[in-house]
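Enquirer: End of the sequence shown sits at 232 in this note's numbering; the numbers just go up one at a time, nothing left out.
Hints are supplied without guarantee of correctness; some may be wrong.
The calculated label-pair distances, taken between Cβ atoms and stated as ranges, are [as the list claims (entries may be wrong)]: (1) 180 to 80: 23 to 31 Å; (2) 107 to 173: 15 to 23 Å; (3) 173 to 194: 15 to 23 Å; (4) 84 to 162: 27 to 35 Å; (5) 172 to 90: 31 to 39 Å; (6) 180 to 98: 38 to 46 Å; (7) 198 to 83: 46 to 54 Å; (8) 193 to 88: 39 to 47 Å; (9) 177 to 76: 40 to 48 Å; (10) 161 to 103: 25 to 33 Å; (11) 88 to 195: 19 to 27 Å; (12) 162 to 88: 41 to 49 Å.
Simulated pairs of lysine to aspartate or glutamate, EDC-like, Cα-Cα distance not exceeding 20 Å [claimed, not checked]: (13) 108 to 140; (14) 166 to 181; (15) 168 to 191; (16) 108 to 135.
In case anyone wonders, no lab produced these hints; they're calculated from the structure.
Note that the structure is predicted; figures quoted are calculated from it, not measured.
All C-beta atoms in this analysis are idealised placements derived from N, C-alpha and C, irrespective of residue type, glycine included.
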Amino acid sequence: MNREILESVARNNWHLLLVIAVILGAVGYKLISGDGSATAPVASVVRPAAAQGVRTAAQTPRRDLAAEERAKAREATMALIRENEAALATNPEPDKAAAYVNGIGNMYFQRLQDYPAAASHFERAISDYPDAPTHYHTFIQLAMCYERMGDQEKRKATLRRMMESYPADSQQYAYAYSELYGEMPAQPAQAELDDTTAGPAQEAAEAATSAEEIAVAAAQ
Numbered sequence: 013m014n015r016e017i018l019e020s021v022a023r024n025n026w027h028l029l030l031v032i033a034v035i036l037g038a039v040g041y042k043l044i045s046g047d048g049s050a051t052a053p054v055a056s057v058v059r060p061a062a063a064q065g066v067r068t069a070a071q072t073p074r075r076d077l078a079a080e081e082r083a084k085a086r087e088a089t090m091a092l093i094r095e096n097e098a099a100l101a102t103n104p105e106p107d108k109a110a111a112y113v114n115g116i117g118n119m120y121f122q123r124l125q126d127y128p129a130a131a132s133h134f135e136r137a138i139s140d141y142p143d144a145p146t147h148y149h150t151f152i153q154l155a156m157c158y159e160r161m162g163d164q165e166k167r168k169a170t171l172r173r174m175m176e177s178y179p180a181d182s183q184q185y186a187y188a189y190s191e192l193y194g195e196m197p198a199q200p201a202q203a204e205l206d207d208t209t210a211g212p213a214q215e216a217a218e219a220a221t222s223a224e225e226i227a228v229a230a231a232q
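Using the sequences and the accompanying hints, generate a full structural model.
Expert: In structure tokens, the structure reads:
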């Protein structure tokens with residue numbers, strides 16, 4: 013009898029029993045797995061943020077040590093230039109002053125590649141110290157400055173000034189002529205000029221190095 017009653021109740025209230033079963037199933041799932049509403053944001057926010065942090069660290073560029081070294085070298089050169097300019101202001105003897113000015117110009121030329129500043133110092137050395145032993149070497153350095161600057165007119169003008177400063181039968185004149193016109197002058201004889209195209213340029217480089225060494229030594 014009881015069984016028949018239960019079956020009758022189940023048949024007549026099946027929809028109610030279905031709702032109860034769904035509710036109980038949902039409650040049981042939450043009890044077993046926990047409330048997903050609290051963990052979902054953690055998974056979607058925290059983890060991607062952490063992963064992004066890893067990518068950022070991996071992609072962060074290293075410090076440009078080479079640039080730092082170049083900056084330090086430049087500052088050291090500028091400090092040396094300032095020291096030599098201060099020493100030059102004490103009005104040393106002409107030959108030594110010419111070495112200071114040429115040395116400073118050479119530091120701008122070779123170490124800093126600041127060709128306008130180098131040209132300014134070489135121009136000063138030529139005009140202020142025309143009797144210095146390195147006079148014609150300075151002409152060569154100045155012409156090279158203008159060449160690096162791409163100013164061919166000033167380069168040619170410098171070579172013409174060099175020709176005007178020396179006798180037509182001199183090695184200095186022959187060098188400037190050959191650089192300007194691409195050939196040796198008619199005089200003096202070719203046999204006397206075998207080494208002119210290489211000699212002055214090589215001597216100019218050596219003189220520039222010597223001038224820089226004098227400037228460096230004087231600052232120490």
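Enquirer: If you test the structure against every hint from before, which numbers come out violated?
Expert: 1, 11, 12 and 14
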